[in-house]
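If you read the sequences in order, they're chains V and Y. Counting in my numbering, the first sequence runs from 82 upward without gaps. Counting in my numbering, the second sequence runs from 82 upward without gaps.
Because the hints were derived from the structure by calculation, they are not lab data. A few of these clues could be false.
Remember, identical chains collapse to one label, so a pair may be satisfied in a single copy or spanning two.
[Said to hold, decoys possible] Calculated pairs, DSBU-like style, for lysine-lysine (alpha carbon to alpha carbon, straight line, at most 35 Å):
id, residue 1, residue 2
1, Lys396, Lys546
2, Lys644, Lys546
3, Lys629, Lys663
Number of protein chains: 2
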Amino acid sequence: MTRQHIPIRSSLLASAALALILGVSTGIAQEAAPAAPADQAAPADPANIEDHTSQPQDQYEPSLTVLAEEQLPAPGAPEGVEALTQAEFDEANKIYFERCAGCHGVLRKGATGKALTPDITRELGFDYLQSFITYGSPAGMPNWGTSGDLSPEQVDMMAKYIMLDPAAPPEWGMDKMQESWKVVVAPEDRPTEKLNDWDLDNLFSVTLRDAGQIALIDGATYEIKKVIDTGYAVHISRLSASGRYLFVIGRDAKVDMIDLWMEDPSVVATIKIGAEARSVETSKMEGWEDKYAIAGAYWPPQYVIMDGATLEPLKIVSTRGMIYDEQTYHPEPRVAAILASHYRPEFIVNVKETGKIQLVDYTDLENLKITEIEAERFLHDGGLDSTRRYFITAANARGKLVVIDTKEGTLEAVTETGGETPHPGRGANFVHPAFGPVWATSHLGDDSVALIGTDPEGHADQAWKIVDSFPALGGGSLFVKTYPGSNHLYIDATLNPEAEISGSVAVFDIDKMTSDTETDPEFTTLPITEWAEITDGQPRVVQGEFNKDGTEVWFSVWNAKDKESAIVVVDDQTLELKHVIKDPRLITPTGKFNVKNTMGDIY
Amino acid sequence: MTRQHIPIRSSLLASAALALILGVSTGIAQEAAPAAPADQAAPADPANIEDHTSQPQDQYEPSLTVLAEEQLPAPGAPEGVEALTQAEFDEANKIYFERCAGCHGVLRKGATGKALTPDITRELGFDYLQSFITYGSPAGMPNWGTSGDLSPEQVDMMAKYIMLDPAAPPEWGMDKMQESWKVVVAPEDRPTEKLNDWDLDNLFSVTLRDAGQIALIDGATYEIKKVIDTGYAVHISRLSASGRYLFVIGRDAKVDMIDLWMEDPSVVATIKIGAEARSVETSKMEGWEDKYAIAGAYWPPQYVIMDGATLEPLKIVSTRGMIYDEQTYHPEPRVAAILASHYRPEFIVNVKETGKIQLVDYTDLENLKITEIEAERFLHDGGLDSTRRYFITAANARGKLVVIDTKEGTLEAVTETGGETPHPGRGANFVHPAFGPVWATSHLGDDSVALIGTDPEGHADQAWKIVDSFPALGGGSLFVKTYPGSNHLYIDATLNPEAEISGSVAVFDIDKMTSDTETDPEFTTLPITEWAEITDGQPRVVQGEFNKDGTEVWFSVWNAKDKESAIVVVDDQTLELKHVIKDPRLITPTGKFNVKNTMGDIY
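The following block holds chain V by itself, in its conformation from the complex (with noise of 0.2 Å):
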C-alpha cells in the first residue's frame, strides 16, 4: 500500500472558491427541503450527490448519551435557555428532520451543514439564531423566515429547539424492517421467462427527483415505458446481476424491487431499512447471481443484507464504532456507496465518518464474516476499473481517493487528488494514450479532473497515482463519463453558480491526451440546456449515461419541479445533438441508469 501525497493546485482552488460557495447557496441548501417553493428559479440539489463540501469537525467529541422513551420527551433547558413545551419539541423535531437533518446531520454533528451542537448554539444566542434561520446565509443556509417555509413563531422555536440537547430519530431494527416489507408479487407468481418486447439492455432507469418516481425510458426510441411511484428523490437505481431486476433506493430509504421481465414491469417489493439512505447493491460473484440485495442506511448508521428476489430483510449490522484513525467512538457513521465484488462473494460498503471500508462475506450470514480496512475518513463514492478488480473511492473531504483490491480483500493505496473535493460517482475508466488504463474523477470544489494510474502490470509506475491533472469547465462538478471504445471523456459542473456553466458539459478527446502534464487538454463544450431549448427556470445538467452500445450519451436537463425539463441524447461519435426527450412526466430528472451498464458495472 502506499499512500501518495501530492500538492493542492492553488489556482484550482482560488479559481473555484466562490463557484463552490454559491453552488451550495443555490444547490446544497435544499437538501433539507423537498418541499422548497417551487417558483425559485434554481432546482434543488441533484439527487445523486450530497455532502460534497462537508467540513466536518476534525475532531469528533464524543458525546454523553441521554436515554429517552419512543415519545421523545422535550428536553429540560439549562439556564439562559429556553424550554419548550412538549408539543412545541414534537413539532420543532419533526421540522427538524424534515428540514435540517440532511445537511446539519440527524445528531447534529454538523455534515454538508454546520455543527448546531448546543455547545455551539448557546454560545451563538438565541437572536442570532432567530435572525440566522429567517434570513438564511450565502454559504447555503436557507431563508426559511423570509420565504414563508416557517412562519415567525416556527422561527423562534426552532432557534430555542436547536440550543436544547439534540433529539436523535429513533432506531429502525429487524421489527421496523417487517413492517415495512410488503412482497408485492411472490416469486412464485412471477414470470419465468421475459413476457414483454422490451429491450431490458437499453432501458433507463430515470429518477424523477421530486415526483418521486423512476421513468423507465426505451434507449432506442426514447420512449417514456412507464413511470413507477418510489421512494423521494430515488439516489441509485441498480440491477441484479442477470439484469432481471431493477433496485432503487430513495433517500427516505424505500427500497423499490421492480420485476423487468412482467408484461408490464413493476414493483415486486418493497421495504423501508430506516429514515435516510443512500445505497443499494446486488450481489454478482459467480453462484451468487440475483441471491441478494443490500442497502446502507444514513440513519440509522446501518445496512442491511435482503433476499435478492423478495427483499426480505436477512441481516441488520450496525455501523457504530471506532473512527479509524483517532479510535474514538462515532455514534453516526453513515453508509455510503456499497459495491458489489466481482472476486469474491462480498460486498464492499464505505462508512463514511469512521473512514472504514468494511468486505461484507455474504455466503454465511449467520456467521458473518468481515474485514474491515482502515481507510479515510468521509467515504463517499467511487466504482470500480476496467477490470473490476480494484475499488477506487473518494475520501471527498479529505481529497483522496482510496484503491481497494477486490481479490485480494487489502487496501492498496490512498492518493491525493490535487483537487478539492473530489467526487467521481462511478468515475469514468479509459486508456490514456501516454498512460494507459486510467479512472477519471471531477472535483465539487474546483474545476480540476484527476487522472489516476490503474494499471499495476503495464504502468506499474504510475499505478495509483494521480498522472495528470487538468481543468474542465469550472467548480461544482458531480460526474465525469465515457464509455469503452469511445474517444470523449464527458465532465459536467451541474453545481457551478453560473447558469451558462452548470448548463453545459465539457468533452475532451481522449486520442488527444499527452505526456504532457504541463500543457493543459482542450475541451469542446456542449451547450446541453441550449439544445434543450428551455428558456423557464435555470436548470443544471447532470449526469451523463451511455446507451447500450456507447454510440450515445444523455444528458439530464435538471429544471424546478414545476417547470420543463428535458434529457438531452448527444451522438458520442460527432458530438452533435442527436435528440431532445421532453415530457410532462419527466419532473426533475436527474440520475439515468441504463440497465446494461449498470449491470457489467461499465463505466
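Model the placement of chain Y on the given structure of chain V, informed by the hints.
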C-alpha cells in the same frame, strides 16, 4: 450444529428458588456497593461473577438518544417529575455510577438488578422509590438509607434522579486510553532471563477483592511472596503464553501487567480501558505467543487489542450493534469472557447482550477480520474442552451452553443444561467412566451439576449433549473444578444463603459415576470454613484451584473486609485438610489463578 432442548428439572428449581433469592440478597446486592459497611456479616459478592441472576428484558426497547456535552446537563423533568439542580444531578450521577450501575446497568436497562428506565420508575412513583432505596428488599436491593450509606437527602435525590432520563458515562476511546497508559518498566529495561528463584509454575495469583490488590503465593511453601496494588476487585488473572507476564483486570477496567522474571516481580505496564470491565487475555497461537493482549469492557461496550509487551492500546472495537435474534439495536452489549484460540490466531470474544461470539483475527489489526457468530443472548463465562479445540460457554440467563469449534471457527451446538443459570467459570474437564470426555458446569439458580459430552469423535452420540445432571450441595454455585488425573470433581456453593452450605464444598468421585442417570451420584462434603477455624463473620467458600502438580486444591474462605479470611489447601488424594493460609494481608481473597494451569488452559 445442533440445538438441543431438554426439560428443566422442576424439582431442582423448586428447591433452589428460595436459595437463589436469598443468595442474591446477601451476595449480589453488594455488587454495586464496593464500600459496603464492613460490619455486615455477609461478605460481598464473589469477585469473579455477576449478573448471574439476570432477569433481562426479553424485549429490548430501542431508545431515542439525546446527546449532551461532556459536562452532563441535568435533564429537565417532565410533568409530575421533580427536577434536580445541576449540582444535585452531578452528585446523583456519581452515586449512581458508583453504587447502582453495577446491578442496574449504566443505561439503566437492568441486569442483575431491575430495569430503572423512566417509564418504570415514573410509574412506581417517588414515595415507592424513596422507601425502596431506604429499606432495600429481600430480593437483593441494599438498604442504602438505614445502612447509613446514603443520607435521607441523598435518598430523596436518588429517587428523583432515577425518574429522570438516564445518563450514560462518557466514552473511553483511544485518547483516554493513551492518557491512562503507563509503561513503568520499558521492555528494554526488563531482564532477559528469570532473575528470581520463584517456582513460577506453582505460583498463585490471588485476588484480594476489596483491597484492590493481588497476592502472589508460592504453591509449595504457601508463602505470600508479594502483594501488588491493582485495580479494584480484580476479576481475573491471565498469563502470557510464555508464562512470563501476568495480566490482571479490575472491575474498574484497570489492567496491570506484571513481569514475573524480575528479581522483584512488579507491574511493568498499566492502562485503564474503560469504566467497568471483566476480561483480559493474551495471544496464544503458535507464532503469536506474548504478542498481544486484549481486554473487554462492560462500559463503554468495547474491547481493545494491546501490545503484549507494553499494553500500548492498538485497536479498539465497539461491540454496539444488533441483538443476534431479533436484530434490534442494543446500545450496551457488554464484553464478557474472552479466550485465546490455540488453533487460529484469533481471540474469541463473548458479546453478552447481543448474544454474539466474535472470532477476532489478530494477524492484521489495520484490516481487522471478525467472524461474528450468532449464538445466544447473555453470554457469560466459559472454557475450552480438554483438547482445547472447543469453546463451551454459558448463555446464563437462557440456561444454555454454546459450543464453538475454534479450529473451524463455527458454531457447533447450543444446548440447554436443564438447570437454571449455568455458571461454569472455565468449567471442568474429565473422562466420565461411561460417557467419556465431558465438561462440567454448576448453576447459580439451582443445585444441579450438568455434564456435557465433548468427544465428537470417540463418543459422537453424546457430543454436545447433556449426558447427566445431578444435585450437589445447593444453589448458588459459582465454580466447578477438577484436574487431569484427579478422581475428584469439586463444586462450591458460594452464594447459598445457608452458612453451612456456602462454607462447604461437595466432592464427587469420578470413578463412581455410571451410565445410570436415574441414580444421583453421592458426594462428600468438605467443611472448608470449619477447617479454616474462622468463627467471626460468615465467610463463603469460593473457587477451587489446583497447584501445578494437581495434588492439592485450594479454596478461598472469603470473609468481610475487616474480618479474617483464609485459603484452605486440600489434599486431592485423601480429601483431607493439608494447610490453612492465614495472613493479615489476605483481605477478601476470591479468585486464585495458578500460573501453569492458567497459562496452559488446564481445567
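Copy assignment of Lys644 with Lys546, given that the CA separation must stay at most 35 Å: Answer is neither: 44 Å inside a copy and 71 Å across each miss the 35 Å cutoff.
35 Å Cα threshold - placement of Lys546 relative to Lys396: Close across copies (29 Å), not inside one copy (37 Å); limit 35 Å.
Lys629 and Lys663: within-copy, between-copy, both or neither at 35 Å Cα: within (21 Å within a copy, 86 Å between copies)
In the structure shown, a violation is registered for the earlier hint numbered 2 alone.
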